[in-house]
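K.L.:
If you read the sequences in order, they're chains G and X. In this text, residue positions in the first sequence follow my numbering: the first is 1, and each later residue adds one. In this text, residue positions in the second sequence follow my numbering: the first is 1, and each later residue adds one.
No wet-lab data here; the hints were simulated from the structure. Quick reminder that beta carbons are idealized off the backbone N, C-alpha and C, glycines included. Where hints are given, some of them may not hold.
Stretch by stretch, here's where chain X covers chain G in the computed footprint (C-beta under 8 Å, at least three residues) [claimed, not checked]:
(1) 14-25
(2) 43-52
(3) 188-198
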Amino acid sequence: MKKYFKVWLQLAHISFAEQLATRFSSVLFLIGKTARFVFFLVFLFSLVNRTGGLAGYTKEQVIIFFLMYNLVDISTQFFFRGVYFFRQKVVSGEFDFYLAKPMNPLFRIMAGYTDFLDLVTLAALAVYGAWFAGQSSIRPDPMTAILLLIMLAVSFLIALAIHIIVVAIGVITTEVDHSIMVYRDLTSMARVPLEVYSQPVRIFLTYLIPIGFMITAPAKALLGLLTPPTFLFSLLLASCFLFLSLRLWRYALSQYSSASS
Amino acid sequence: MKKYLTLAKISWSNGLVYRLNFVMWRVRLVLSLMTAYFLWAAVFGQHQELFGYTRDKMLAYIFISWVIQSLVLSSRSIDLAGIINSGDLSNILTKPLSNLKYWFFRDIADKTLNLLFSVGELAFLFLILRPEIAVPAPGNLGMLAILVLPLATLLYYFINYLFGLLGFWTPQVWAPRFLLFVILQFVAGSLFPLDVLPVGLQNVLNWTPFPYLIYFPTQIFLGRTGNIGMVGGIGLTLVWTVIFYLIVKLVWKKGILVYSAEGR
Chain G
1 MKKYFKVWLQ LAHISFAEQL ATRFSSVLFL IGKTARFVFF LVFLFSLVNR TGGLAGYTKE
61 QVIIFFLMYN LVDISTQFFF RGVYFFRQKV VSGEFDFYLA KPMNPLFRIM AGYTDFLDLV
121 TLAALAVYGA WFAGQSSIRP DPMTAILLLI MLAVSFLIAL AIHIIVVAIG VITTEVDHSI
181 MVYRDLTSMA RVPLEVYSQP VRIFLTYLIP IGFMITAPAK ALLGLLTPPT FLFSLLLASC
241 FLFLSLRLWR YALSQYSSAS S
Chain X
1 MKKYLTLAKI SWSNGLVYRL NFVMWRVRLV LSLMTAYFLW AAVFGQHQEL FGYTRDKMLA
61 YIFISWVIQS LVLSSRSIDL AGIINSGDLS NILTKPLSNL KYWFFRDIAD KTLNLLFSVG
121 ELAFLFLILR PEIAVPAPGN LGMLAILVLP LATLLYYFIN YLFGLLGFWT PQVWAPRFLL
181 FVILQFVAGS LFPLDVLPVG LQNVLNWTPF PYLIYFPTQI FLGRTGNIGM VGGIGLTLVW
241 TVIFYLIVKL VWKKGILVYS AEGR
């Protein structure tokens, strides 16, 4: 475990140095990420100010769903940005070097690039979140806070499983770029409560590819809307999904032919 | 002209070679349409009229803007910066081709392909969702087809081309393009009509080129602009198109002077 942490720190250090070396890009990416957050927030406020709420949720609750979406989405990108660069490693044959090292290749792929720009956007989100919490009437008790932390951990596990599936597909088909962007598009569907969508879409986003669940469950925990069966189901879902993704990863490795190297 | 048409045909065939890529790209666009559709359907589940739209008009906006987006924003000239960085631009420069026309005709092929798929997908979604949408008056269709859509297409082409030309000065071209995508996503009117935003913000946006890519053509199609608004909008689209054309010409001239065919 210590070895892995040391390697992660080293890789994160390299990522940070790389981002410092490309300051022009980093600044523009930061502006883009911030603009995306602000634009959608302005739109959401325009909408809920007029409607008073969305899909049965109050204005305040809708904003909490959106903030929670950002928290889960940005944190997973912070840790798993390496997946976005994985295709090139397979196509160029560089993936062979990962396999030859005394380290789990999956860890090397996932933690290969730590996006510090997301850390900056997380900090900005925290500042806005703190301001919003100050204005909000929602005051979570300690039990709710613990439940929220557990649900965030569950979300992180589901996100990890989905990223493993994406890299497994990458090994089998060399297609990563669009798979990961489809994942991002699906997560962005959960910027608003899932109740907005029709029943089949909700089932798809909850059970088949539990992205909607991953994003909205922490928000529901914070709002005190998470029922005990849903809580237990979320633990089961995350465990099963992670197990299946690891099985797929093992299968993908057995199919890898190292043809490019 | 014949050589450019041949180029467009080759580009069309290329688009169909990488089928998985293309299918995944289309899946992403369909997801964006479904997100917008369900969001607005839920909003209008509890309200008869909002922001000056009824449910059927808003859904019409969402579907029509999506098709217009497939036409206006589809592009192959997105590869221009990469070609400059890799030095492969030399292949085009040594041929009797205009670089501006080369990418334009490649774009046309990509737009045709995307437009055809979007119409098919739309028909499929209509069968599944059976949405009730406001059928626009046909009065403005001619104006839209002959003037507004070609202008919007040209305007986006020049904006996109300009971002590609950044490749002459820096290999870090993905970041500016990411910023452009974010701007387009929100202020071109693909996710929502811009008149749902605060009036002050709308007034500022109306002086930028972005609303004239999707929002304005869709509003014309829906007959929501009025004659004065239509003429004013067309005039501004024309002005922005000319401005970007002149900038592109100037930047190309400067860029080609610093081009070193690095990587070849």
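K.L.:
Each of the hints needs a verdict: does it hold here or not?
P.N.:
Consistency of the hints with the structure:
1. Only when three residues or more bring their CB closer than 8 Å to a CB of chain X does the claim for the stretch 14-25 of chain G stand; here the count is 3, and the claim holds.
2. Residues of the stretch 43-52 of chain G lying with their CB closer than 8 Å to a CB of chain X number 5, which satisfies the three-residue condition for coverage.
3. A stretch counts as covered by a chain when three or more of its residues have a beta carbon under 8 Å from one of that chain; for the stretch 188-198 of chain G and chain X the count is 7, and the coverage holds.
Of the hints listed earlier, there is not a single one the structure fails to meet.
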